[in-house]
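Visitor: Sequence:
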Amino acid sequence: MKKDIHPEYRQVVFQDISSDFSFLTRSTVQTDDTIQWEDGNEYPLVKVEISSASHPFYTGKQRVLSSGGRVDQFRRRYGAMAKGAKD
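Residue numbers (the numbering used here): -4 to 82.
Any given hint could turn out to be false.
Unchecked claim - Computed spacing ranges between beta-carbons, pair by pair:
1. Y73 to Y4: 54 to 60 Å
2. Q25 to R72: 45 to 51 Å
3. N36 to I12: 30 to 36 Å
4. Q31 to F69: 16 to 22 Å
5. I0 to R65: 50 to 56 Å
6. G74 to V24: 21 to 27 Å
7. G74 to S47: 39 to 45 Å
8. G64 to D(-1): 55 to 61 Å
9. V66 to S14: 19 to 25 Å
For the record, the hints were derived by calculation from the structure and aren't laboratory data.
For clarity, every value in this text was computed on a predicted model and none was experimentally measured.
Glycine included, each C-beta is placed from N, C-alpha and C at the ideal position.
Using the sequences and the hints, build the whole thing.
Guide: Pasting the structure below:
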């Protein structure tokens, strides 16, 4: 491997700012922030807005819309105009 062309691969803490969930992993991402981790060492910190701790797919708090409800909402909003277009 050529020297000085690859970014430094190091331990980094990723912190989900919406759920205060953090995890330590390895990455090449560059950051100026640092944090003291559970093991007492200081690591670079990357703040993320969403992770598996806050994403609706992983938390089970996903909002599912039924198509029938959407049609009724449309008809209430546009009234007779929507019924006339159907006939």
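Visitor: Please name the hints from earlier in the document that this structure breaks, with their numbers sorted from lowest to highest.
Guide: 3, 4, 6 and 9
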